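Number of protein chains: 2
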Amino acid sequence: MIIAYLGPEATYSHMAVIRKFGSSLRYEPLPNISDVFTDVAKGRADYGVVPIENSTEGAVTHTYDMFVDSELKICAQIVLPIRHNLMAACPRDAIKKLYSIPQVLAQCRQWLQVNMPHVEVIETSSSTRAAQIARSEPNAGAIASALAAEMYGLTILDENIQDSSENVTRFLVIGRKYPQPTGNDKTSVMYAVQDRVGALHDTIASFKKFKINMTKIESRPSKKKAWEYYFFVDFLGHCDDARVKKALTELAKHTMFVKILGSYPNVNG
Amino acid sequence: MIIAYLGPEATYSHMAVIRKFGSSLRYEPLPNISDVFTDVAKGRADYGVVPIENSTEGAVTHTYDMFVDSELKICAQIVLPIRHNLMAACPRDAIKKLYSIPQVLAQCRQWLQVNMPHVEVIETSSSTRAAQIARSEPNAGAIASALAAEMYGLTILDENIQDSSENVTRFLVIGRKYPQPTGNDKTSVMYAVQDRVGALHDTIASFKKFKINMTKIESRPSKKKAWEYYFFVDFLGHCDDARVKKALTELAKHTMFVKILGSYPNVNG
Numbered sequence: 167m168i169i170a171y172l173g174p175e176a177t178y179s180h181m182a183v184i185r186k187f188g189s190s191l192r193y194e195p196l197p198n199i200s201d202v203f204t205d206v207a208k209g210r211a212d213y214g215v216v217p218i219e220n221s222t223e224g225a226v227t228h229t230y231d232m233f234v235d236s237e238l239k240i241c242a243q244i245v246l247p248i249r250h251n252l253m254a255a256c257p258r259d260a261i262k263k264l265y266s267i268p269q270v271l272a273q274c275r276q277w278l279q280v281n282m283p284h285v286e287v288i289e290t291s292s293s294t295r296a297a298q299i300a301r302s303e304p305n306a307g308a309i310a311s312a313l314a315a316e317m318y319g320l321t322i323l324d325e326n327i328q329d330s331s332e333n334v335t336r337f338l339v340i341g342r343k344y345p346q347p348t349g350n351d352k353t354s355v356m357y358a359v360q361d362r363v364g365a366l367h368d369t370i371a372s373f374k375k376f377k378i379n380m381t382k383i384e385s386r387p388s389k390k391k392a393w394e395y396y397f398f399v400d401f402l403g404h405c406d407d408a409r410v411k412k413a414l415t416e417l418a419k420h421t422m423f424v425k426i427l428g429s430y431p432n433v434n435g
Numbered sequence: 167m168i169i170a171y172l173g174p175e176a177t178y179s180h181m182a183v184i185r186k187f188g189s190s191l192r193y194e195p196l197p198n199i200s201d202v203f204t205d206v207a208k209g210r211a212d213y214g215v216v217p218i219e220n221s222t223e224g225a226v227t228h229t230y231d232m233f234v235d236s237e238l239k240i241c242a243q244i245v246l247p248i249r250h251n252l253m254a255a256c257p258r259d260a261i262k263k264l265y266s267i268p269q270v271l272a273q274c275r276q277w278l279q280v281n282m283p284h285v286e287v288i289e290t291s292s293s294t295r296a297a298q299i300a301r302s303e304p305n306a307g308a309i310a311s312a313l314a315a316e317m318y319g320l321t322i323l324d325e326n327i328q329d330s331s332e333n334v335t336r337f338l339v340i341g342r343k344y345p346q347p348t349g350n351d352k353t354s355v356m357y358a359v360q361d362r363v364g365a366l367h368d369t370i371a372s373f374k375k376f377k378i379n380m381t382k383i384e385s386r387p388s389k390k391k392a393w394e395y396y397f398f399v400d401f402l403g404h405c406d407d408a409r410v411k412k413a414l415t416e417l418a419k420h421t422m423f424v425k426i427l428g429s430y431p432n433v434n435g
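Residue numbers (our numbering), protein chains in the order written: chain A, 167 to 435; chain B, 167 to 435.
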């Protein structure tokens with residue numbers, strides 16, 4: 167079995183993959199979220215792992231947008247606590263430049279302002295790339311995972327430097343079909359509504375009518391017409407449940423289209 | 167009168183400022199969105215201009231998050247068509263590295279894949295910074311505004327390279343109080359709901375009950391507790407309108423708090 171994920175190695179996506187699948191399968195780190203979708207769609211990988219949401223920074227919009235044109239289904243979620251670490255090959259006082267991916271820098275914004283106000287902060291394409299630079303460049307530090315420090319032989323100078331103590335990222339496992347009900351499942355759908363008073367309300371009322379608990383709503387631009395949105399909704403239940411089926415039938419009456427992105431076990435680890 | 171904006175000069179925010187205020191006032195380009203909020207809150211600037219949403223890429227989440235702890239009000243919106251341009255000081259074939267801000271690169275993703283698949287793409291902190299690099303570094307190109315090409319003496323090699331022909335960014339003018347009704351206004355509010363079935367539905371039903379047209383909903387993590395969200399809603403009407411007042415009173419019954427971010431003319435230019 168082959169699992170594709172958003173690489174490079176030692177990123178938080180890599181840690182999510184290991185948490186879910188252990189370390190005995192074949193893993194393919196890929197450069198972009200779209201590459202992960204493509205590899206799974208073409209059968210070059212059985213499953214893909216991509217980030218969807220961070221509890222501090224919010225949606226990973228590129229992943230949401232990929233579902234618009236993809237027929238892939240969500241098979242599982244992985245919830246990973248994110249712990250950022252300051253690391254370098256030099257002493258802490260010697261750090262003049264600090265590297266990391268924009269999302270990680272955003273999650274450490276307050277810590278950086280208080281602890282390293284005069285250090286030049288430089289954005290990289292991945293936290294692993296930041297660790298590589300900290301290995302090779304003098305007076306450079308990185309913010310990255312403990313796995314990256316280990317892989318590149320860097321000293322962890324400060325642990326858990328993210329601003330929110332509850333910093334958690336949710337990853338999705340994508341595949342070609344979604345699993346059977348387990349009794350504690352979650353379903354993700356996307357839909358579009360017409361531009362009229364109460365249109366969004368009527369879609370959300372479809373869930374309330376059948377006592378279905380929405381856990382999340384996200385809006386994304388359709389990219390087809392300015393200020394036209396797609397809505398992504400997560401709710402508790404499996405799309406094979408009778409009650410969910412009724413709600414989805416009701417929802418279809420109030421939308422231009424509904425697409426079921428998948429039903430999967432509602433686990434938090 | 168002093169207007170602070172998200173700098174540096176020649177960014178799209180700068181173009182939005184000129185569109186709204188002309189070129190005779192005093193403008194202060196600032197390095198971060200939070201600096202713009204701080205300058206206006208402390209009275210060092212009368213108004214601030216920050217991006218809130220792009221029609222292709224979606225919300226500028228940092229701006230949304232600033233309203234959580236700020237008492238500033240939205241006074242106006244500016245809607246600016248965004249036209250990205252490929253520019254360099256060398257011929258097109260000589261470009262080996264291409265620089266721009268991540269949001270601009272995202273808006274040109276398909277164009278880049280088709281037209282420059284083998285060029286190294288490097289993220290910068292602003293499109294103006296990208297233009298500066300294209301000026302000083304051999305074999306470097308930038309994607310930036312026409313204003314940046316003019317300011318740094320670069321040749322525009324390709325125009326309008328954004329993927330969506332309807333690429334528009336909405337900016338907000340923030341100040342210390344919002345204006346009187348004009349008869350065609352928009353209001354922005356934020357609120358939080360309790361975690362129970364139908365909670366979000368009941369808030370949206372408050373708008374439908376009084377026939378108020380929601381134009382936008384955005385959810386953002388509260389950053390206080392994982393998977394707890396704040397909702398940001400835009401709707402037509404001014405918060406001094408009788409019908410809007412009734413809806414906001416109804417909304418308050420179904421939320422933990424409601425904060426009015428401002429009412430402002432609903433202009434699209």
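No wet-lab data here; the hints were simulated from the structure. Check before you lean on any hint, since a few could be wrong.
The list treats identical chains as interchangeable, and a pair is accepted whether it falls inside one copy or across any two copies.
[Stated by the list, open to error] Straight-line alpha carbon distances no greater than 27 Å define the calculated DSSO-like cross-link-like pairs of lysine-lysine that follow:
hint: 1; residue 1: Lys419; residue 2: Lys263
hint: 2; residue 1: Lys425; residue 2: Lys391
hint: 3; residue 1: Lys391; residue 2: Lys377
hint: 4; residue 1: Lys382; residue 2: Lys425
hint: 5; residue 1: Lys377; residue 2: Lys263
hint: 6; residue 1: Lys186; residue 2: Lys377
hint: 7; residue 1: Lys262; residue 2: Lys391
hint: 8; residue 1: Lys186; residue 2: Lys262
hint: 9; residue 1: Lys374; residue 2: Lys412
hint: 10; residue 1: Lys343; residue 2: Lys263
hint: 11; residue 1: Lys377; residue 2: Lys262
hint: 12; residue 1: Lys208; residue 2: Lys411
hint: 13; residue 1: Lys262; residue 2: Lys412
hint: 14; residue 1: Lys419; residue 2: Lys377
hint: 15; residue 1: Lys389; residue 2: Lys186
hint: 16; residue 1: Lys390; residue 2: Lys425
hint: 17; residue 1: Lys390; residue 2: Lys375
hint: 18; residue 1: Lys411; residue 2: Lys389
hint: 19; residue 1: Lys391; residue 2: Lys186
hint: 20; residue 1: Lys419; residue 2: Lys374
hint: 21; residue 1: Lys374; residue 2: Lys391
hint: 22; residue 1: Lys186; residue 2: Lys419
hint: 23; residue 1: Lys262; residue 2: Lys374
hint: 24; residue 1: Lys375; residue 2: Lys262
hint: 25; residue 1: Lys411; residue 2: Lys391
hint: 26; residue 1: Lys262; residue 2: Lys411
Quick caveat, the model's predicted, so the values are computed rather than measured.
So, going through the hints one by one against the coordinates:
Taking the shortest Cα distances, Lys419 and Lys263 never come within 27 Å of each other, neither inside one copy (55 Å) nor across copies (50 Å). Taking CA atoms no more than 27 Å apart as the test, Lys425 paired with Lys391 passes inside one copy only; the shortest distance there is 19 Å, against 30 Å between copies. Taking the closest pair of Cα atoms, Lys391 and Lys377 come within 27 Å of each other only across two copies (25 Å); inside a single copy the shortest separation is 33 Å, beyond that limit. Taking identical chains as interchangeable, the C-alpha atoms of Lys382 and Lys425 lie at most 27 Å apart whether they share a chain (16 Å) or sit on different chains (21 Å).
For a Cα distance limit of 27 Å, the shortest separation of Lys377 from Lys263 qualifies neither inside one copy, at 53 Å, nor across copies, at 54 Å. Proximity of Lys186 and Lys377 under a CA criterion of 27 Å is satisfied in neither setting, with 31 Å inside one chain copy and 47 Å between copies. For the identical chains of this complex, Lys262 and Lys391 are neighbours neither inside a copy (45 Å) nor across copies (33 Å), given an alpha-carbon limit of 27 Å. Proximity of Lys186 and Lys262 under a CA criterion of 27 Å is satisfied in neither setting, with 37 Å inside one chain copy and 39 Å between copies.
In this homomeric assembly, Lys374 and Lys412 come within 27 Å of each other (Cα to Cα) both inside a single copy, at 12 Å, and across copies, at 23 Å. Taking CA atoms no more than 27 Å apart as the test, Lys343 paired with Lys263 passes in neither setting, with 45 Å inside one copy and 40 Å between copies. Taking identical chains as interchangeable, the C-alpha atoms of Lys377 and Lys262 are never at most 27 Å apart, the minima being 55 Å within one chain and 57 Å between chains. Taking the shortest Cα distances, Lys208 and Lys411 never come within 27 Å of each other, neither inside one copy (30 Å) nor across copies (54 Å).
Neither within a single protomer nor between protomers do Lys262 and Lys412 lie at most 27 Å apart by alpha-carbon distance, with minima of 59 Å and 56 Å respectively. For the identical chains of this complex, Lys419 and Lys377 are neighbours both inside a copy (18 Å) and across copies (20 Å), given an alpha-carbon limit of 27 Å. When the C-alpha separation of Lys389 and Lys186 is checked against a cutoff of 27 Å, the pair qualifies only between copies, where the shortest distance is 26 Å, while the shortest distance within a copy is 33 Å. For the identical chains of this complex, Lys390 and Lys425 are intra-copy neighbours only, at 17 Å inside a copy versus 32 Å across copies, given an alpha-carbon limit of 27 Å.
Neither within a single protomer nor between protomers do Lys390 and Lys375 lie at most 27 Å apart by alpha-carbon distance, with minima of 31 Å and 30 Å respectively. With identical chains, the CA atoms of Lys411 and Lys389 are never at most 27 Å apart, being 29 Å at best within one copy and 34 Å at best between copies. In the homo-oligomer, the alpha carbons of Lys391 and Lys186 lie at most 27 Å apart only across protomers (24 Å), although the nearest pairing inside one protomer, at 39 Å, exceeds that limit. Taking the shortest alpha-carbon separations for Lys419 and Lys374, both the intra-copy value of 15 Å and the inter-copy value of 18 Å come in at or below 27 Å.
Proximity of Lys374 to Lys391 under the C-alpha cut-off of 27 Å is restricted to the inter-copy arrangement: shortest distance 24 Å between copies versus 30 Å within a copy. Taking identical chains as interchangeable, the C-alpha atoms of Lys186 and Lys419 are never at most 27 Å apart, the minima being 38 Å within one chain and 42 Å between chains. In this homomeric assembly, Lys262 and Lys374 never come within 27 Å of each other (Cα to Cα): the closest approach is 54 Å inside a single copy and 55 Å across copies. Taking CA atoms no more than 27 Å apart as the test, Lys375 paired with Lys262 passes in neither setting, with 58 Å inside one copy and 57 Å between copies.
Proximity of Lys411 to Lys391 under the C-alpha cut-off of 27 Å is found in neither arrangement, the shortest distances being 31 Å within a copy and 32 Å between copies. In this assembly of identical chains, Lys262 and Lys411 lie within 27 Å of each other by CA distance neither inside one copy nor across copies; the values are 57 Å within and 53 Å between.
Figure legend: structure checked against the earlier numbered hints; hints not met, in rising order: 1, 5, 6, 7, 8, 10, 11, 12, 13, 17, 18, 22, 23, 24, 25 and 26.
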